[in-house]
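These protein sequence lines map, in sequence, to chains A and B.
So the first sequence is numbered by our numbering: it starts at 535 and just counts up by one.
So the second sequence is numbered by our numbering: it starts at 2 and just counts up by one.
Be aware that one or more of the hints could be misleading.
[To be verified] Derived BS3-like pairs: lysine-lysine, alpha-carbon spacing no greater than 30 Å straight-line: (1) B:Lys279 - A:Lys785; (2) A:Lys802 - B:Lys88; (3) A:Lys568 - B:Lys279; (4) A:Lys568 - A:Lys651; (5) B:Lys31 - A:Lys682; (6) A:Lys802 - B:Lys256; (7) A:Lys838 - A:Lys800.
[Said to hold, decoys possible] What follows is a set of in silico ranges between Cβ atoms, one per label pair, in the way DEER data are often shown: (8) B:His316 - A:Ala858: 53 to 61 Å; (9) B:Val277 - A:Asn637: 26 to 34 Å; (10) A:Asn842 - B:Lys279: 36 to 44 Å; (11) A:Asn675 - B:Leu127: 50 to 58 Å.
Hints were generated in silico from the structure; no laboratory data involved.
All residues carry an ideal CB built from backbone N, CA and C; glycine is no exception.
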Amino acid sequence: MALLEVRNLHTSFFTDAGEVKAVNGLSFDLEYGKVLGIVGESGSGKSVTAYSIMQILAPTGKIVSGSIKFDGQELIGISEKEMRNIRGKRISIIFQDPMTSLNPVYNIGHQLVEALKLHTNYTGSAARQRAVELLRLVNVNEPQKRIKQYPYELSGGMRQRVMIAMALACEPDILIADEPTTALDVTIQAQILELMNSLQDEIGMSIIMITHDLGVVAQMCDEVVVMYAGEICEQGTADEIYYNPHHEYTKGLLNSIPTVASAGTKLKPISGTPIDLLNMPEGCPFAPRCNEAMKICLGKHAPKMQINDEHIAYCWVNVREGVADGSIVLAEPADTLADKEVAVYE
Amino acid sequence: MNNILTAQNLLEVNNLKQYFDINTGFFRSKALKAVDGVSFNIREGETLGLVGESGCGKTTVGRSVLHLYEPTEGEIWFKGKEIKNDKDIANFRQHATMVFQDPYSSLNPRMTVADIIGEPLDVHKLNSSKKERKEHILDLMDKVGLNSEHAARYSHEFSGGQRQRIGIARALAVNPDFMVCDEPVSALDVSIQAQVINMFEELQEDLGLTYLFIAHDLLVVRHISDRIAVMYLGKLVEMSSATEIYDHPLHPYSKSLISAVPVPDPRIARAHERIVLKGEIPSPLDTPSGCGFRTRCPYAIECCAESVPEFEEVHAGHFVACHRVDEIN
Numbered sequence: 535m536a537l538l539e540v541r542n543l544h545t546s547f548f549t550d551a552g553e554v555k556a557v558n559g560l561s562f563d564l565e566y567g568k569v570l571g572i573v574g575e576s577g578s579g580k581s582v583t584a585y586s587i588m589q590i591l592a593p594t595g596k597i598v599s600g601s602i603k604f605d606g607q608e609l610i611g612i613s614e615k616e617m618r619n620i621r622g623k624r625i626s627i628i629f630q631d632p633m634t635s636l637n638p639v640y641n642i643g644h645q646l647v648e649a650l651k652l653h654t655n656y657t658g659s660a661a662r663q664r665a666v667e668l669l670r671l672v673n674v675n676e677p678q679k680r681i682k683q684y685p686y687e688l689s690g691g692m693r694q695r696v697m698i699a700m701a702l703a704c705e706p707d708i709l710i711a712d713e714p715t716t717a718l719d720v721t722i723q724a725q726i727l728e729l730m731n732s733l734q735d736e737i738g739m740s741i742i743m744i745t746h747d748l749g750v751v752a753q754m755c756d757e758v759v760v761m762y763a764g765e766i767c768e769q770g771t772a773d774e775i776y777y778n779p780h781h782e783y784t785k786g787l788l789n790s791i792p793t794v795a796s797a798g799t800k801l802k803p804i805s806g807t808p809i810d811l812l813n814m815p816e817g818c819p820f821a822p823r824c825n826e827a828m829k830i831c832l833g834k835h836a837p838k839m840q841i842n843d844e845h846i847a848y849c850w851v852n853v854r855e856g857v858a859d860g861s862i863v864l865a866e867p868a869d870t871l872a873d874k875e876v877a878v879y880e
Numbered sequence: 002m003n004n005i006l007t008a009q010n011l012l013e014v015n016n017l018k019q020y021f022d023i024n025t026g027f028f029r030s031k032a033l034k035a036v037d038g039v040s041f042n043i044r045e046g047e048t049l050g051l052v053g054e055s056g057c058g059k060t061t062v063g064r065s066v067l068h069l070y071e072p073t074e075g076e077i078w079f080k081g082k083e084i085k086n087d088k089d090i091a092n093f094r095q096h097a098t099m100v101f102q103d104p105y106s107s108l109n110p111r112m113t114v115a116d117i118i119g120e121p122l123d124v125h126k127l128n129s130s131k132k133e134r135k136e137h138i139l140d141l142m143d144k145v146g147l148n149s150e151h152a153a154r155y156s157h158e159f160s161g162g163q164r165q166r167i168g169i170a171r172a173l174a175v176n177p178d179f180m181v182c183d184e185p186v187s188a189l190d191v192s193i194q195a196q197v198i199n200m201f202e203e204l205q206e207d208l209g210l211t212y213l214f215i216a217h218d219l220l221v222v223r224h225i226s227d228r229i230a231v232m233y234l235g236k237l238v239e240m241s242s243a244t245e246i247y248d249h250p251l252h253p254y255s256k257s258l259i260s261a262v263p264v265p266d267p268r269i270a271r272a273h274e275r276i277v278l279k280g281e282i283p284s285p286l287d288t289p290s291g292c293g294f295r296t297r298c299p300y301a302i303e304c305c306a307e308s309v310p311e312f313e314e315v316h317a318g319h320f321v322a323c324h325r326v327d328e329i330n
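Whole structure, please, built from the sequences with the hints as guidance.
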């Protein structure tokens, strides 16, 4: 049994303009002590997935259906009181923007002690002592002095360290990092990623790393989930996703990033514009931007395609190619595969 | 590449300094040295990438070069003429334009796309009739891949990538030779970013543009630039051809900056040795003595605190500012 099992998760926002299906049938497992990367562009539903696990959605957001099992316990439908015991204590989150996620009117010490008092047995001066230890753990220099400072007195990298210290206060089983380094400079990003790596070794927690940066994923993650418009495109080990992609979106993403080798050549971007979540196509959400799209892609979702033990994908184009050369065995039979006609899509 | 090396300098910047007065107390102020003695040149048709971390002064360089800030000191030469008085500046701005970082805040929400793109045409009085103006605007929209039906729309109706196209069309309106691109793709998604980068390259080929391309994403800069200049704390620390800087960085800061870039390839990323710098960039209000980088430099010795290293050419076209460049390489 995995530490976290997400099954067929549907999360929607009910806005004046209609229902926005931000997460649409997502399933994945997070194993003990592993780093899972969730990759996607803005609007792909990666952050909403994190907020659904933590149950901290905005008031208009709601988990419509699905199951989130943490350590064998179902989280959907449990009371807010029970959830409070898990949130922050056993599953913690670091947000993207360390500027806005710390309270500007309390000093760092106060905010760290608050987390400790809520979730652990530390009180009074012991809690303060522990707060200093945590700051030292995340390589904040002069922790005794920092503890009295306010967020505005710290740099972005320092603030993100404080956020990490706060998230680690209760030694959680799962750390969800929502774009933890996006707001930071490269050299500071390298420091934070190194810190997360070493903390993971020390504490042995599992990490869900949410990012749009394929470089960060390559460096940090064991497993990768690629999302587009709230749906999973492809999932597998980092090596499988980077060296053996089986979804046209993943291939497009990998081709569109500049690399050392790409200098002097043209990049191969994904055409079109990001999807309008209020107006989703019936079939594969990526079909309108996909150069290889066939008729069937527009009308019907692709079946789950088991590439090998470590890799699944949902893509008609690759289903057709794979079945044709016998390299792919479908997990579910696809009845309409005979329709091979390539669609003309404007 | 070859013709770029032999091409003439379009822009020369000599010892550019840009200080800002910051209030530090009642009736007291201090000079913030955002740019402190930067010199470089850009040849016709070339792309010079300018990289560095936030607060290093790279955006200020871009703005000072266009005289959006009045430079505190230094010379800016364009096509062999120094830009000195207001008349020079007005003339210069017909040949040099800027694309801004944030496509959300750099477009006026109360103006239609046509008016945004048309504004520079009006300012410089480039059209004789309304009909000509309209045709010019539609032609510009076509150049950047915008649908002409969108001319009457407002910017909030567009996605980030399309807004950046509007910003580029506006910059192209005066038919410039030189464009400062200040982080033009960093607010965009990966798939859209590639579209815009390709467009910059195509425009350069078609119109013979010269770019000063400012960005913090080194892979993007490496992709688009002919030469790269690395900036730290208001000064250039290294400048060379893009390949040379990537393959053989000489300055310790460039070395760590390049090694810190996450490589989108798991096998390389795992085997990759990273030089992780300690500490953070010092405040430009309170810069260290001598070499600005010495507080974070793993090779710093006594002499680094005593004198500022010269920005010198160590071999053909490769400039470095480091006292110990010979010893550490």
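Status of the hints after comparison with the structure:
1. B:Lys279 - A:Lys785: 36 Å, violated
2. A:Lys802 - B:Lys88: 43 Å, violated
3. A:Lys568 - B:Lys279: Measuring from Cα to Cα gives roughly 27 Å; hence the hint holds.
4. A:Lys568 - A:Lys651: 29 Å, holds
5. B:Lys31 - A:Lys682: 27 Å, holds
6. A:Lys802 - B:Lys256: 29 Å, holds
7. A:Lys838 - A:Lys800: The hint is violated at about 33 Å.
8. B:His316 - A:Ala858: 53 to 61 Å: For His316 of chain B and Ala858 of chain A the Cβ distance comes to about 55 Å; the hint holds.
9. B:Val277 - A:Asn637: 26 to 34 Å: Given about 30 Å between the Cβ atoms, the range holds.
10. A:Asn842 - B:Lys279: 36 to 44 Å: 42 Å, holds
11. A:Asn675 - B:Leu127: 50 to 58 Å: 56 Å, holds
Figure legend: structure checked against the earlier numbered hints; hints not met, in rising order: 1, 2, 7.
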